[in-house]
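Given the sequences, and given the hints that come with them, work out the whole structure.
Those protein sequence lines, which keep their order, are chains A and B. Sequential numbering of the first sequence, starting at 5, is according to the numbering used here. Sequential numbering of the second sequence, starting at 4, is according to the numbering used here.
There may be inaccurate statements among the hints.
[Unchecked claim] Have a look at the derived ranges for each label pair, beta carbon to beta carbon:
(1) 152/A with 367/B: 14 to 22 Å
(2) 84/A with 260/B: 22 to 30 Å
(3) 15/A with 129/B: 22 to 30 Å
(4) 189/B with 168/A: 19 to 27 Å
(5) 72/B with 138/A: 54 to 62 Å
In case anyone wonders, no lab produced these hints; they're calculated from the structure. For every residue, glycine included, the Cβ atom is placed at its ideal position computed from N, Cα and C.
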Amino acid sequence: MDALYAIPQLMFYLLAGLVAISSLMVVTSRNPVTSAIFLVLDLFFVAALYAKLDAHFTAAIQVLVYAGAIVVLFVFVIMLLNLKPDALRGIRFSVGEAVVLLVTLIGFVIIGAELASPVPEGLPAGPLSVAAIEEAGGNTHVLAMRMFTSFLWPFEIASILILLAIVACVMVARKEKPESGKHNLKAGAGR
Amino acid sequence: MGLNELGLNVEWLQWNQFTVDLVAFVVKFALLAGGLLQLPPLLVWIERRVPALMQRRRGPNRVGIFKFRLYGLLQSLADTVKLIFKEEVVPDGAHKVFYHLAPVFCVFPAFLVACAIPYGPDLNLFGYVIPLSVVRVDVGFLFIFAIASLAVYGVTLAGWASNNKYSLLGSLRASAQMISYEIPLGMSLIPIVLIYGTLDLGDIVKAQSTFFQWGVFSAPFSFLLFLVCMFAETNRAPFDLAEGESELVAGFHTEYNSAKFAAFFLGEYVSMFVLSCLAATVFFGGWQVPFVKYDTVVALMGGSVNLAAIVCHIMLVLKATFFMWVYIWVRWTLPRFRYDQLMSLGWKFMLPIGLANIVGTAVVLAVLRFR
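As structure tokens, then:
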């Protein structure tokens, strides 16, 4: 009886475990394609955690943008470069990596301290409590209203910044066009 | 009568909303998965008999039980048995893990997406309301696109793990195509969201209660865009460049055989079915019976919500069947595109039209609401 009601909670621990395992696999596996696929799984399970919190919109966007689009490009690049697993083996421990490790450890300590501190009992009240969100028409609705009313300007500015980044990428990646077709023809004929 | 008086009670199972939801979820998923597994054999049979009809050939018509040939219907059964029992050959140079995993990546998203389609109005059993979709997500559209976008990995991995240049080329083509056409596919549905004001597929169906409220009338351009992207997303003809036989042997599944080859088939047919259901749901009123309001259907069925749900479910299946037919029809009607044509159609034609469609719909809606 009780075991049945524990299923949602068990699902949380299952998902959390899967997230942890796949994150570890991303950084520890030798083959870059394996890493990329575990990254996809990782993002997917994190999205499942969001969905468990009833944040369906965030979950869907997480999978759509990260797992469905960005990592696909990673996978493409890795596959086309065709890195051999061996090529990665002999990497030494550099100073930069040591710094990263140190910062990560400090981050873990901070997060751990935060987690260890007592959690306030119950859910927060106010306009963003579960009941209030349900009242206002669900998570997606509340998110949309917030985004397009109080946070309209940041939202618009972010989209323009992204547009700028896209244009910049195209400019950087653009190949110089040959001067003219005629010139090329001549060069070919002279060879 | 409540479920608790039915004698089904055991010590560890008390019927309440939670347990009913749980059991309903398991039963619905089992029914759906079981149903979807029946699809490919039937569709393969249709896909061989229909072109035979169109091209004045006979098609498979021999396999039957004793004297009953059943129009060759059992050919698919024989083929399935053959595919499952065939010897599995794994290429030497293949990446073993991903080679075996790739079909899973193809099938899993297709089945998961099928869970979000509303297959009918709510049932009412023993005083509990049971929605006729396996999961109710309040962002139905986005859920479908999100999960469907994961299908790319199956194709990409299959091509890469096979260690065959034709496979790799086919998978590159397929994944570039799927990513490109996902964008117009998503854009084609934004006007629908604008018009009905919700992302929930169940609510969209409810909003199409009368015939002229159907999405195809309120957003005709969206429907045309969706129809084209539907073919591209499933890698079906005329966009089946991923397996262009004359250039790539069989594309990304060149090195696959036996049950794993069948799994790719299963994935393709299930995603065809899901997109057909989505087209019916979004543009053709979903489970709504044409010209008859849902309340009238309930009244006609003697006030029984459950009988009405069955009628409505059959309606959706019929509508989806029509789109499956369109898939097969188009496949045997149109020749394959060239790859550059496909890409320029996607990026230079579908994308601007999709954007213009969104802006146009938004302007019309704004004008109508301001008046």
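Hints and how they fare:
| no. | hint | verdict |
| --- | --- | --- |
| 1 | 152/A with 367/B: 14 to 22 Å | holds, 20 Å |
| 2 | 84/A with 260/B: 22 to 30 Å | holds, 26 Å |
| 3 | 15/A with 129/B: 22 to 30 Å | holds, 26 Å |
| 4 | 189/B with 168/A: 19 to 27 Å | holds, 23 Å |
| 5 | 72/B with 138/A: 54 to 62 Å | holds, 59 Å |
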